[in-house]
Amino acid sequence: MSQGVDRSESPAAGSAGSSSGILAEAQRRRSFAVISHPDAGKSTLTEALALHAQVIDSAGAVHGKSGRRGVTSDWMEMERQRGISVSSAVLQFSYRDAVINLLDTPGHGDFSEDTYRVLAAVDAAVMLLDAAKGLEPQTLKLFDVCRSRKIPVLTFVNKWDRPGREPLELLDEVEQRIGLRPMPLTWPLGIAGELKGLIEVATGEYTKFTRAAGGATRASAEVVAPEVVAADEPQFWSTAQDEIALLEEIGAQFDEKEFLAGTATPVLFGAALSNIGVARLLDALVDLAPPPSEREDAEGRPRALDTPLSGLIFKVQAGMDRAHRDRMAFLRINSGRFERGMVLTHAATGKPFATKYAQAVFGNQRTTVEEAFPGDIVGLVNANALRPGDTLYASGPIEYPAIPSFAPEHFSVARCADAGKTKQFRKGIEQLDGEGVIQVLRSDRRGDQAPVLAAVGPLQFDVVAARMESEFNAPIRLEGLPYQIARVTDEAGEAALSSQSECEVLTRSDGVKLAVFSNKWRMDVVIRKFPDVTFAPLLAGTVTD
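Numbering (my numbering), first residue to last: 3 to 547.
The hints are simulated quantities; they were obtained by calculation from the structure and are not laboratory data.
Small disclaimer: the values here were computed from a predicted structure and weren't measured.
Where a beta carbon is used, it is the ideal one built from N, C-alpha and C, also for glycine.
Treat the hints with care, since some could be wrong.
Said to hold, decoys possible - With a straight-line cut-off of 25 Å between C-alpha atoms, the simulated DSS-like cross-links for lysine-lysine are:
1) Lys429 to Lys515
2) Lys515 to Lys531
3) Lys143 to Lys522
4) Lys210 to Lys198
5) Lys353 to Lys259
6) Lys198 to Lys135
7) Lys152 to Lys259
What the hints assert, rightly or not - Between beta-carbon pairs, the in silico distance windows are:
8) Gly513 to Asp289: 24 to 30 Å
9) Asp289 to Glu250: 16 to 22 Å
10) Asp464 to Ile252: 28 to 34 Å
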């Protein structure tokens with residue numbers, strides 16, 4: 003298996019540290035995430051993209067069969083057992099003359115907070131649609147995040163090798179429900195479930211695909227003359243030509259400005275499991291997706307790409323290497339050139355942070371990183387002091403906007419199931435809190451021995467329980483609390499709620515006080531009773547509403 007980035011093709015080789023060299027390297031980068039509803043085929047597409055870039059030898063479905071491997075990007079045991087992505091993975095590889103940074107995100111809605119953090123580290127997104135289901139709830143929520151962050155979106159209509167809806171109907175849904183003007187780049191020949199091949203809308207070129215056995219290797223592609231296709235598939239060819247003509251009439255041609263502005267989306271059709279249309283998606287990402295651009299700091303001032311190194315920690319993950327039990331922080335490079343061993347400053351504390359152990363991540367596999375450029379993701383090992391949202395910089399102090407927390411909707415008290423494992427229990431809860439796996443709240447009523455875990459979705463509790471047992475040898479018992487909603491408050495709110503029922507105030511590990519209520523009706527009653535007390539929504543809460 004080949005993997006990683008071949009820097010010998012770099013247009014700035016030998017001068018990468020110069021301003022022009024940094025800008026040239028940044029221009030090669032394409033950093034994106036795939037967003038979708040669960041079961042739309044996100045992990046399968048991730049694997050297929052790596053397969054077409056020739057960085058893995060064969061792709062595998064999440065539930066491997068007939069000797070097929072599990073998905074490379076789904077490395078956690080729970081992911082393999084349940085067939086879902088619950089962690090974030092980073093795949094970096096070369097394709098053509100570009101360096102691709104593909105960030106695989108959790109597909110399950112219970113982990114939308116983790117996905118939100120990942121979207122802080124990308125420059126574009128691929129919105130994956132199921133040909134039979136179209137836009138689904140989790141896709142809509144994640145698209146809202148892309149829109150709020152002004153992230154350009156390409157659309158890939160997946161599973162066209164299975165029964166599904168009409169292509170024009172799907173395009174109409176995209177335009178009507180989320181206001182994106184669809185701009186098809188390819189068009190399917192044959193109805194969903196009977197995919198014959200793909201037509202290039204701009205040129206009319208037709209490509210016929212032959213699926214590889216089991217879909218584990220790339221499908222063979224053959225360009226076929228239009229007259230041959232018209233003779234072999236007269237009905238499908240006629241229908242496709244009529245539909246493409248209609249697209250031209252309604253002005254569905256590609257417009258780069260609208261795409262980059264987030265008002266239109268290029269659309270491609272295919273089948274990730276059969277590896278059909280995936281290479282065309284890779285080409286579209288290289289040709290159309292934007293390279294990294296300067297990012298604004300917390301004060302709204304842009305940081306030029308060729309200024310000294312700076313970056314944002316968007317993800318912290320432990321347990322990826324069972325042999326070493328280390329903790330890795332994922333740093334998105336926003337400016338400058340990263341060199342392994344350089345000493346950076348942790349903006350939150352002002353303390354130095356050495357980068358001797360810097361690694362590139364390919365699923366759960368690692369290689370040492372010697373240098374990186376804007377748009378790249380670097381894994382920093384033994385990053386115990388770092389949390390999601392932290393800024394690191396080399397010189398020229400800067401702090402990027404913090405990544406806000408989502409409003410939790412589920413609450414449980416965690417207790418150590420084995421009194422002899424108290425030390426491991428505390429360490430595990432502290433570490434999972436630092437990773438952002440769960441929000442940890444404390445109260446005088448329960449003490450430090452029984453922290454309250456707050457989650458966006460209940461599946462987060464399953465992850466915590468599994469990791470506490472497997473990584474820290476500290477099984478836990480969880481006791482649900484009857485709260486459904488949280489608001490930020492202060493000491494005045496804490497005093498006011500001390501005499502109220504069906505609510506209380508808990509303190510998050512970062513010092514923020516959260517008022518939690520049994521339901522919205524109870525919260526509204528309390529707010530009316532104490533009109534001068536602060537009960538503010540969490541900043542990112544509106545994304546999940």
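Do the hints match the structure? See the list:
1. Lys429 to Lys515: Holds, at about 22 Å.
2. Lys515 to Lys531: holds (19 Å)
3. Lys143 to Lys522: holds (21 Å)
4. Lys210 to Lys198: Distance of about 6 Å is within 25 Å: holds.
5. Lys353 to Lys259: violated (42 Å)
6. Lys198 to Lys135: holds (21 Å)
7. Lys152 to Lys259: Given pair lysine 152, lysine 259 holds - Cα atoms ~13 Å apart, limit 25 Å.
8. Gly513 to Asp289: 24 to 30 Å: Since glycine 513 and aspartate 289 have Cβ atoms about 47 Å apart, the given range 24 to 30 Å is violated.
9. Asp289 to Glu250: 16 to 22 Å: holds (21 Å)
10. Asp464 to Ile252: 28 to 34 Å: Given a distance of about 47 Å, which is not inside 28 to 34 Å, the answer is violated.
Going down the numbered hints, you'll see the structure goes against 5, 8 and 10, while the others check out.
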